[in-house]
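**Q** One letter stands for each residue in the lines below.
2 protein chains.
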Amino acid sequence: MIIVGELINASRKPVAAPLEAGDREAVARLARDQIAAGADYVDVNAGLFEDREAELLCWLVEVVQAAVQAPCSLDSPNPEAIEAALSVHRGTPMINSISLEKDRWELLLPLLRGTGARVVALCMSDEGMPRTCDQRLAIAERLVEGLTGAGIPLENIYLDPLVQPVSTNTACGLELLEAVEGIMKRWPGVHTLCGMSNISFGLPGRKRINETFLVMAVSRGLDGAILDPLDRRTAAALATAEMLAGRDDFCARYLEAFRAGLLADR
Amino acid sequence: MIIVGELINASRKPVAAPLEAGDREAVARLARDQIAAGADYVDVNAGLFEDREAELLCWLVEVVQAAVQAPCSLDSPNPEAIEAALSVHRGTPMINSISLEKDRWELLLPLLRGTGARVVALCMSDEGMPRTCDQRLAIAERLVEGLTGAGIPLENIYLDPLVQPVSTNTACGLELLEAVEGIMKRWPGVHTLCGMSNISFGLPGRKRINETFLVMAVSRGLDGAILDPLDRRTAAALATAEMLAGRDDFCARYLEAFRAGLLADR
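In order, the protein sequence lines correspond to chains A and B.
So that you can map any letter, position 190 of the first sequence is 189 in numbering that gives the first Met the number 0, and since no number is skipped, the others follow by simple counting.
So that you can map any letter, position 239 of the second sequence is 238 in numbering that gives the first Met the number 0, and since no number is skipped, the others follow by simple counting.
Incorrect hints may have been included.
The list makes no distinction among identical chains, and a pair is therefore deemed to hold if it is satisfied within one copy or across any two copies.
[Said to hold, decoys possible] Cut-off 25 Å, straight-line C-alpha distance, at most; resulting in silico cross-link-like pairs (DMTMM-like, lysine to aspartate or glutamate): (1) K206 / D248; (2) K12 / E24; (3) K184 / E174; (4) K101 / D50; (5) K206 / E241; (6) K206 / D230; (7) K184 / D133; (8) K12 / D22; (9) K101 / D133.
FYI, nobody ran anything at the bench for these hints, they're computed from the structure.
Only a predicted model underlies this, so the values are computations on that prediction, with no experimental measurement involved.
Start from the sequences and build out the full structure, keeping to the hints where you can.
**A** Structure below.
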């Protein structure tokens with residue numbers, strides 16, 4: 000399972016303030032804590048500051064990579080910001096994200112060629128958000144063809160089928176889960192990666208809903224998630240779900256997490 | 000979702016002692032508590048007392064039905080005990096359980112005809128426990144054919160695909176989940192019902208594992224479970240899982256559970 004730590008996002012107050020003040024240590028601490036808690040990538044997002052996004056995204060990359068030996072997930076739809084951040088990033092980043100929307104596709108794709116980057120590809124086109132499993136699979140097919148056609152190997156593609164709120168349509172959950180399963184069965188080697196929190200939009204008890212939906216998605220083959228790796232209950236749910244989904248030989252990682260006390264507070 | 004409350008089982012100490020002492024109130028309280036917590040059926044099991052099973056099962060049925068307006072799940076592989084309990088049960092019980100094992104099938108099936116009872120049918124034959132999804136589906140097919148051939152409507156059949164410990168084989172979880180999905184898609188109208196606790200046999204943190212696996216199974220279509228309805232975390236997991244599985248119009252039952260404080264202690 001690939002975990003992208005979501006906490007360094009300028010839309011969050013504990014990040015916006017240090018970003019404006021140039022407080023390196025506050026950002027560095029968030030990077031260290033997330034990697035220590037098991038994140039594989041540190042997501043960096045400066046989208047709140049639209050007119051300085053490229054400059055601030057580069058600053059975040061530099062501060063994070065001075066603090067931890069880990070790659071970033073460069074989180075922006077803005078080709079200029081992505082290009083600038085790619086030029087300062089060391090190692091192989093994740094790009095979050097491209098989509099089939101015409102402008103985004105045409106401006107971002109040339110930047111990705113030859114970088115070796117992992118690419119998050121949203122199942123979104125100019126026709127808008129997909130609703131059903133079949134709509135997601137149709138967009139996924141065009142994404143896979145386009146990205147592999149541009150020389151990006153299947154193993155570097157993380158399809159995001161786009162979680163939508165169950166409060167607006169009770170079928171949203173199952174359609175998403177079936178899309179995850181469909182994608183993973185259809186293109187062996189490709190990955191899926193989602194943020195879960197949209198599922199609970201408009202409802203109380205959001206953390207429990209997000210965690211429950213994550214468990215379901217892992218059982219369908221989801222192998223990437225952008226989340227808060229410092230949330231112990233999420234980590235416990237994930238360790239348990241991966242074991243039950245057959246991804247933990249001899250239950251070794253589950254038992255290790257249990258002995259480390261991570262599973263104590265059910 | 001059909002919930003069978005599992006607590007009145009003579010193999011549990013808080014039941015064995017009252018059963019031996021003829022303490023009606025202790026048993027009645029367990030029945031009332033489980034129904035108040037949302038159980039649809041009260042399971043009764045006197046299998047620990049092999050030589051008096053029929054007599055004690057009848058006593059349990061009588062005490063439970065004097066305490067609550069609800070049917071029992073008559074839990075025994077013993078035709079004599081089932082026949083006796085059927086003769087004292089008021090309303091329509093669940094019979095837990097028949098299987099394809101030759102003796103059990105031949106002795107129990109005649110007792111079920113014409114009773115209108117719900118029938119739990121284990122995916123088990125004389126060839127032993129099934130391992131894979133396909134083995135379960137093959138046994139399920141013979142069970143469905145045999146039971147409907149004996150006049151038992153599909154709607155009264157609860158197939159139990161038999162949960163097995165993930166500690167002995169990491170594939171056990173997914174094989175079970177795929178069997179649930181396969182059964183529900185193949186025979187629309189039929190039900191599935193499991194106990195979850197075998198999944199965690201041999202591992203620490205069993206309640207969390209059972210609850211996580213229940214969430215996964217609900218997302219595959221499981222619509223019945225035998226469990227402890229007094230466990231608040233299980234109830235919370237179930238309310239959340241059913242909403243995410245598209246079974247809760249307007250999230251109404253989830254919101255009601257939230258307002259009742261059932262979802263507070265994530």
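**Q** Does each hint fit the structure? Answer for all of them.
**A** Going through the hints against the structure:
no.: 1; hint: K206 / D248; in the structure: between (28 Å within a copy, 21 Å between copies)
no.: 2; hint: K12 / E24; in the structure: within (15 Å within a copy, 57 Å between copies)
no.: 3; hint: K184 / E174; in the structure: both (15 Å within a copy, 16 Å between copies)
no.: 4; hint: K101 / D50; in the structure: within (22 Å within a copy, 76 Å between copies)
no.: 5; hint: K206 / E241; in the structure: both (19 Å within a copy, 16 Å between copies)
no.: 6; hint: K206 / D230; in the structure: both (10 Å within a copy, 20 Å between copies)
no.: 7; hint: K184 / D133; in the structure: both (14 Å within a copy, 18 Å between copies)
no.: 8; hint: K12 / D22; in the structure: within (13 Å within a copy, 61 Å between copies)
no.: 9; hint: K101 / D133; in the structure: within (21 Å within a copy, 44 Å between copies)
Hint compliance for this structure: no hint is broken.
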